[in-house]
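Number of protein chains: 2
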Amino acid sequence: MKYMNNRRTFVKNGLGVFAALSLPILPAEATPASNYRPKLGVAGYSFVNFNLDDSLKMMKRMQIQYLCIKDFHLPFKSTDAEIAEFHKKLAESGVKGYAVGPIYMTKSLEEIDNAFEYAKRVGVDLIIGIPRKEDLAYISKKADEYGIRYALHNHGPEDKLYPNSTSIYDLIKNLSPKIGICFDMGHNARDGQDSVKDLKRYSSRIFDMHLKNITEASAAGKTTELSRGVIDIPAFVKTLKSIQYQGVCSLEFEKDMNDPLAGLAESAGYFRGVVDVVCP
Amino acid sequence: MKYMNNRRTFVKNGLGVFAALSLPILPAEATPASNYRPKLGVAGYSFVNFNLDDSLKMMKRMQIQYLCIKDFHLPFKSTDAEIAEFHKKLAESGVKGYAVGPIYMTKSLEEIDNAFEYAKRVGVDLIIGIPRKEDLAYISKKADEYGIRYALHNHGPEDKLYPNSTSIYDLIKNLSPKIGICFDMGHNARDGQDSVKDLKRYSSRIFDMHLKNITEASAAGKTTELSRGVIDIPAFVKTLKSIQYQGVCSLEFEKDMNDPLAGLAESAGYFRGVVDVVCP
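The listed protein sequences correspond, in order, to chains Y and P. With the working numbering applied, the first sequence corresponds to residues 828 to 1107, in that order. With the working numbering applied, the second sequence corresponds to residues 828 to 1107, in that order.
For the record, the hints were derived by calculation from the structure and aren't laboratory data. Incorrect hints may appear among the rest.
To be verified - Simulated pairs of lysine-lysine, DSSO-like, Cα-Cα distance not exceeding 27 Å: (1) P:Lys1068 <-> Y:Lys1065; (2) Y:Lys1082 <-> P:Lys1027; (3) P:Lys884 <-> Y:Lys1049; (4) P:Lys1027 <-> P:Lys866; (5) P:Lys1065 <-> Y:Lys884; (6) P:Lys884 <-> Y:Lys916; (7) Y:Lys1082 <-> P:Lys884; (8) Y:Lys887 <-> P:Lys887; (9) P:Lys1068 <-> Y:Lys1049; (10) P:Lys866 <-> Y:Lys1065; (11) Y:Lys934 <-> Y:Lys884; (12) Y:Lys1068 <-> P:Lys1065; (13) Y:Lys887 <-> P:Lys1049; (14) P:Lys1024 <-> Y:Lys887; (15) Y:Lys934 <-> Y:Lys887; (16) P:Lys1049 <-> Y:Lys1068; (17) Y:Lys916 <-> Y:Lys947; (18) Y:Lys1049 <-> Y:Lys1027; (19) Y:Lys866 <-> P:Lys884; (20) Y:Lys1000 <-> Y:Lys1068; (21) Y:Lys1082 <-> P:Lys866; (22) Y:Lys866 <-> P:Lys1065; (23) Y:Lys1082 <-> Y:Lys1024; (24) Y:Lys884 <-> P:Lys884; (25) Y:Lys915 <-> Y:Lys968; (26) P:Lys916 <-> P:Lys934; (27) P:Lys916 <-> Y:Lys1082; (28) Y:Lys887 <-> P:Lys916; (29) Y:Lys884 <-> P:Lys887; (30) Y:Lys1065 <-> P:Lys1065; (31) Y:Lys1082 <-> P:Lys1082; (32) P:Lys916 <-> P:Lys884; (33) Y:Lys884 <-> P:Lys1082; (34) Y:Lys1027 <-> Y:Lys960.
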């Protein structure tokens, strides 16, 4: 059947998965418009209460292939051998660790240095970070030196540094093109911003994304399943397509964190359903 | 936000759920075309390994509001008091039991009589059944007498009676309009049929549906998450809309039956995602 012989073959064929995972994830590598499909991933924080093995079991069950690596799964001080073992374990579940973070680095320049060294040793080209504003020029220089992109994360109205994507963009727009945004569409909306418009507005600088929905567009809003919140996900996916977003859309499910699989799976299904119609 | 103030309010507002559930589910009651949205349910068989309480916990978590009742959750010999208690329990989880079955009745007319009495006492207007072909005229008469519809279930290439929807339609097309099909789109495709075309072709007689996908369009095909199979679900949902299907689309997830929540949730999410784009 036609449907099976195009995009679905990729998911169903184990070899296909691993071949795909060996491709580097770089914004420069534009997918042709007609075949555009956003990548679905998971932000490691969704699994804060689970060890790596149990997290990977969930990812495998959902057939999600991209993980943003948190240090509770791969400590900063890991040896090269431990890092190799980590990647091997991910590959066995059909998963690629595509970035590290979010990493807080609000105390010293040494934390920034360590983060770049860690990312280099892990072998990813993207750090999600929360730095001091005064260190941004330093980070911009490091990003160019290492050839590693750095995306700042916005965390909503409680975040005195980066409540929304505009607050980040205004600070980075004249820095290296390797400095960008990890667009938390939920916290952005919790701060009263329009996450569909901001996705388009800052598309050139959005390197990563925390895919989620929220119960209300205010500080009281909580993460909810992708299908059940106030952000218009179909409009969001149409915008992903129109900007040809090349990063990963990583689910960060800050609900039922002791038993997140059902909500993550419902959210993954919803995203795929919207994508299958918007990006046929 | 616009998005929240229309269709989502229904899901989020507990009173809204119960108000909606008090509406009868009848094909005559056409939803206006512009607001068309198919109803999502679960076929009780998905919970064959779970008692009613645990099944309802899963339904509540997925916010699925329609259940096709299997006798392992509500035995045929239940008293009226037990039936009342059953409905009360469902309502507490925001769930409506909208039909009974599938019920096998291949041995005697008494089984048919019992099924109609059971449906009447349960208070539903729809029986899903597997009868003998020679009893169809009898069933047609009973359906008219009771004012209860009767939908025959197709069960794929292994089913000597009703392998696909065509085999049912050809037998019932001249019977009472209360005799129809519980369209198992997966088993229909396993029998080599085109489930999107058959949905359209037999739309006047499709009263209920087992929503699923399958790994391949042959006898070897197995149930899989809605997003992962060979049936083109976006095309299927577009057809639901074009025929203005008024029944329930009930997930029957014959995979991971000892731990079905993740697959059911992913499937529910996928369906909602497709529907949100196709039926905005």
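Lys866 (chain Y) paired with Lys1065 (chain P) [C-alpha distance capped at 27 Å]: Measuring from Cα to Cα gives roughly 25 Å; hence the hint holds.
Regarding the pair Lys884 (chain Y) and Lys884 (chain P), is the alpha-carbon distance no greater than 27 Å? holds (23 Å)
Lys1024 (chain P) and Lys887 (chain Y) were given as a pair; does the straight-line alpha-carbon distance stay at or below 27 Å? violated (33 Å)
Given hint Lys916 (chain P) paired with Lys887 (chain Y) - CA-CA distance at most 27 Å: Status violated; Cα separation ~35 Å.
Between Lys887 (chain Y) and Lys1049 (chain P), does the CA-CA distance stay at or below 27 Å? At roughly 18 Å apart (the allowed maximum being 27 Å), Lys1049 (chain P) and Lys887 (chain Y) satisfy the hint.
Are the Cα positions of Lys1082 (chain Y) and Lys866 (chain P) separated by 27 Å at most? With Cα atoms ~26 Å apart, Lys1082 (chain Y) and Lys866 (chain P) stay inside 27 Å; holds.
Compare the distance between the alpha carbons of Lys884 (chain P) and Lys1049 (chain Y) with 27 Å, and conclude whether the hinted pair is satisfied. Roughly 21 Å separates the two Cα atoms, so the pair holds.
27 Å Cα cutoff - pair Lys866 (chain P), Lys1065 (chain Y): holds (25 Å)
Pairwise hint evaluation, Lys1049 (chain Y) against Lys1068 (chain P), where the allowed Cα distance is 27 Å at most: Violated, because 32 Å separates the two Cα atoms, which is more than 27 Å.
Does Lys1082 (chain Y) pair with Lys1082 (chain P) here, judged by a C-alpha cut-off of 27 Å? It holds: about 26 Å lies between the C-alpha atoms, which stays within 27 Å.
Given hint Lys947 (chain Y) paired with Lys916 (chain Y) - CA-CA distance at most 27 Å: Roughly 19 Å separates the two Cα atoms, so the pair holds.
Restraint check for Lys1068 (chain Y) with Lys1065 (chain P), where alpha carbons must lie at most 27 Å apart: holds (21 Å)
In terms of the numbered hints stated before, the structure departs from hints 2, 5, 6, 9, 11, 14, 15, 16, 19, 25, 26 and 28, listed from lowest to highest.
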